[in-house]
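Residue numbers (numbering that gives the first Met the number 0), protein chains in the order written: chain A, 0 to 122; chain V, 0 to 421; chain R, 0 to 478.
A couple of the hints might just be wrong.
What the hints assert, rightly or not - Short, incomplete list of chain A residues facing chain V, as computed with Cβ under 8 angstroms:
id: 1; residue: Arg3
id: 2; residue: Ile6
id: 3; residue: Gly13
id: 4; residue: Asn46
id: 5; residue: Met48
id: 6; residue: Thr52
id: 7; residue: Ser53
id: 8; residue: Thr54
id: 9; residue: Ser66
id: 10; residue: Lys68
id: 11; residue: Asp110
id: 12; residue: Lys115
None of these hints come from the bench; they were simulated from the model.
A virtual CB, placed ideally from N, CA and C, is assigned to each residue, including glycine.
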Amino acid sequence: MEERNFICICCPMGCSLTVVMKGEEVVEVAGNTCKRGDIYARNEVINPMRMVTSTVKVIGGRENVVSVKTKEDIPKGKIFECVRALKDVKVNAPVYMGDTIMKNVANTGVDIVATKNVECKEA
Amino acid sequence: MKEYDIVIIGGGPAGLAAAVSAKKNGIKNILILERDKELGGILNQCIHNGFGLHTFKEELTGPEYAEKFIQQVKEGKIEYKRNTMVTDISPKKVVTAMNHEEGLFEIQAKAVVLAMGCRERARGALNIPGYRPAGIFSAGTAQRFVNMEGYLPGREVVILGSGDIGLIMARRMTFEGAKVKVVAELMPYSGGLKRNIVQCLDDYGIPLKLRHTVVDIKGKKRLEGVVLAEVDERGKPISGTEEFYSCDTLLLSVGLIPENELSMAMGVEINPVTMGPEVNEILETSMEGVFACGNVLHVHDLVDFVSQEAATAGKNAALYVKMGNTRKRKGKKILLNAKEGIRYTVPGAIHVENMDENLMVRFRVDNVYKNCYINMYLNDERVMHKKCLVLTPGEMEEIKLIKEDLLSYPNLKTITLKIEEA
Amino acid sequence: MFDYDVMIIGGGVSGCACARELSRYKVKVCVLEKEEDVCSGTSKANSGIVHGGYDALTGSLKAKLNIRGNEMMEQLSKDLDFPFKRNGSLVLCLNEEDMPNLKALLDRGIANGVKDLQILKKEEVLFMEPNISDDIYGALYSPSVGIVCPFHLNIALAENAYENGVEFKFNTEVFHIKKRDEGYKLQTNTGEYTAKYVVNAAGVYADKFHNMVSENKIHITPRKGEYCLLDKNAGKHVSKTIFALPGKYGKGVLVSPTVHGNLILGPTAMDIDEKEGTNTTREGLEQVLSKAKRMVKNLPIRQVITSFAGLRAHEDGHEFIIGELEDAKGFIDCAGIESPGLTSCPAIGEMVTEILKEKMGLEKKKNFLATRKGILSPKTLSKEEHMALIKENPAYGDIICRCEMVTEGEIIDAIRRPLGAKSLDGIKRRTRLGYGRCQAGFCLPRTMEILAHERNMSIFDVTKSGKDSKMMIGTNKDT
């Protein structure tokens, strides 16, 4: 039996989670105060996931950049691949919250969407 | 002079939520004054996720969270002015403001909601010795550059202070191509949320050095490096522990201070611990009809709680407009005592008769406590003994007061909160 | 032929006061400054006190020029539109056995010609300044002492000199000075210049230039002074400039309101070798606070908003060295200008000009502009006037710096005016933007944008204080 400790990040409670493993199998999750903690702990030992937030360049907008996010969490190991994929992305203003900026980023099956509105620059 | 029922100073999360709530409570004539070019306040630069779990049951980024409220403001046809700086609020609630279209103008308000937010503590306040080169930024300023302007302030970064903005910026700078070498924290514990330590530092292998501080700043024109040293129990650097880190950027995340210059000039009483106004059970300050909420009242770590608090302030401002002071300060004032382990409570005193059915009292602890109890005493009798696995100064806590319980308590004089260790 | 009649090395208060005074005459003058702006060395980091003149040894140049400078300052502040206030000073006596020394200071002041000096009893002092320490025995009161903004004084002198035809070369560092049969050749990083006369107002570097042309060597020690500046909330803690009885290293730590309403504490005095060693130290700052606390009670040290250090140009002889060199004719020293240098600067300008006038037979200009207008601050206007100003120029309706309430209009003025700001520090010294409690945390992005736009440069070329002090290193994901 192996014990692994995490701090739950699902909410600000930051519960200290203990996952008891038998080989690859989760035997028990302790320390969580809600169901989400249990799910988080199980994912965290097998396939940790994160939402990635960043910016991409905007052409002709009131701002130089627009903030974006992965629409859902992506595998932790894919974070830098995801960020790198955004390096040369340029979008034309206007951009609206929820607009898809890139599909299937880093082959995760998850899209990148804008999280802010950027209007066109006044002439 | 133009008149409004409620003038809200600040269009960030607190101001927006207060406006929406005042509107829901029947006030039509509301004006929000915002100094920046857009509504939303600091949320506009907080592009990370983690907002709104309490309020909207979904995980949003800062701008998305702000947009939910901005939409409600727009749907409610609540008036707002941007790029507008309030320069003065008189004790009679005449608000003087300025922008480049209308120039200087005055507005008579029936009620005022203070929602100006907070500012970051700067290097000077810490008296960090050394040179004063370019490359030293407060974490929030750097956040604005990176997230809203797309500019990178530096490539090799040291962060002093483990406040949430500093932690968030460690990750942001890493994503955008900088190397974050270390986060140093003077205290033996982090001032930020645990999730941010996990998600922003641990995930990227960025070391967090507790009980460390910057003792020297090198570089005459642009920052060339900093010297970190370990500190003793009293926060003094321990000689011989100095370590040089070369870097071109030092970000400071060393605390937030409510921006109460306007409030103080107006005559509002300030609590020396929170640096925010003293408020009562309806979040009214020492001045009648002037309410406060959000980070101007006390620094929050979660925007959801700011929104809740601001909704309360907005509702009470609306009631004040409708009922005047008939509702005010009924019954005697009961003090809330923040004792052992509790730094402060908001509110700090209440009139029980004037309370809603329930009242959320928010507070912070002064240290990290594990397996302890939060206790509430009515006069000398302990009425609550709640076990907590962990309490940290970085995370705001709350307890609910129930009006009925307080009313039925014979000869209630004080309510005391304290931590008892197991 | 010479490129210039007079070259002044150094754009601090001494150099600029000389330039301004010389600009009354028909003479071709150029100021060489190694930094990108005037007021970038010793002049930028000092207490901003216009001293009474009771400290310096009777009969010394320091005493004479202090008294004269103090007399001139008020009119100069009106002519050149910079803030100056006669707030008076108190020199505290903290030990009973030192009372004779306080009396000696009074006597010296009287001998030096300082007016209205008087020794006050403890009760009188506390009545005047309730926050003075209860441990005092008495104090010397000098009503003629004042406070001035060193930046505004220096910049005003420079702007007025420029308007009257003086040239300024910035980012120009003098490497060598060669004595010629007549005049001097100055080798700099931007080229060679010849001048018939040289005024050496190079602050902590004045010994270097002096020693290039003279066999009678001088030696200047950079004497570091560290300061803490407190928020305006604390600015009324005392109303007068508070000193302790002077010791070996000068006047010691003072506590004073600044002319802008902050409270300043400092300076320490530490002799160092490094002529650019303007770093603060933990020991220094602790010393400032502990010494200030001895003089003033309930000092709100939590209100410290910044700390800084400056270097005084201390010459071994402990005296101003002003005059033509015996063995280098046409080379005029303005060296060893430490305290009371700021106070004395108008008199230094006068004295140097007098020397040159005599040698050169200078003739007055008819069109000399004796006055200059500073940056218009809407804070000084009535509501109606401010309204009218915004209508005429909406930029005066946009507040950029919240703490000091500086508008976009003032920033643009600071950049566009003669010898205008080229960097963030330049804007800061001219407008006070970023001087407040947030120390530019909020206004930095907007200020950089305005500076880049006005100077027609990229945001990446915006600097804090000239070359090598760029603010932004790149863009997101550019590597």
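Verification of the supplied hints:
no. : hint   : verdict
1   : Arg3   : violated, 13 angstroms
2   : Ile6   : holds, 5 angstroms
3   : Gly13  : holds, 3 angstroms
4   : Asn46  : violated, 14 angstroms
5   : Met48  : violated, 11 angstroms
6   : Thr52  : holds, 5 angstroms
7   : Ser53  : holds, 5 angstroms
8   : Thr54  : holds, 6 angstroms
9   : Ser66  : holds, 4 angstroms
10  : Lys68  : holds, 6 angstroms
11  : Asp110 : violated, 15 angstroms
12  : Lys115 : holds, 4 angstroms
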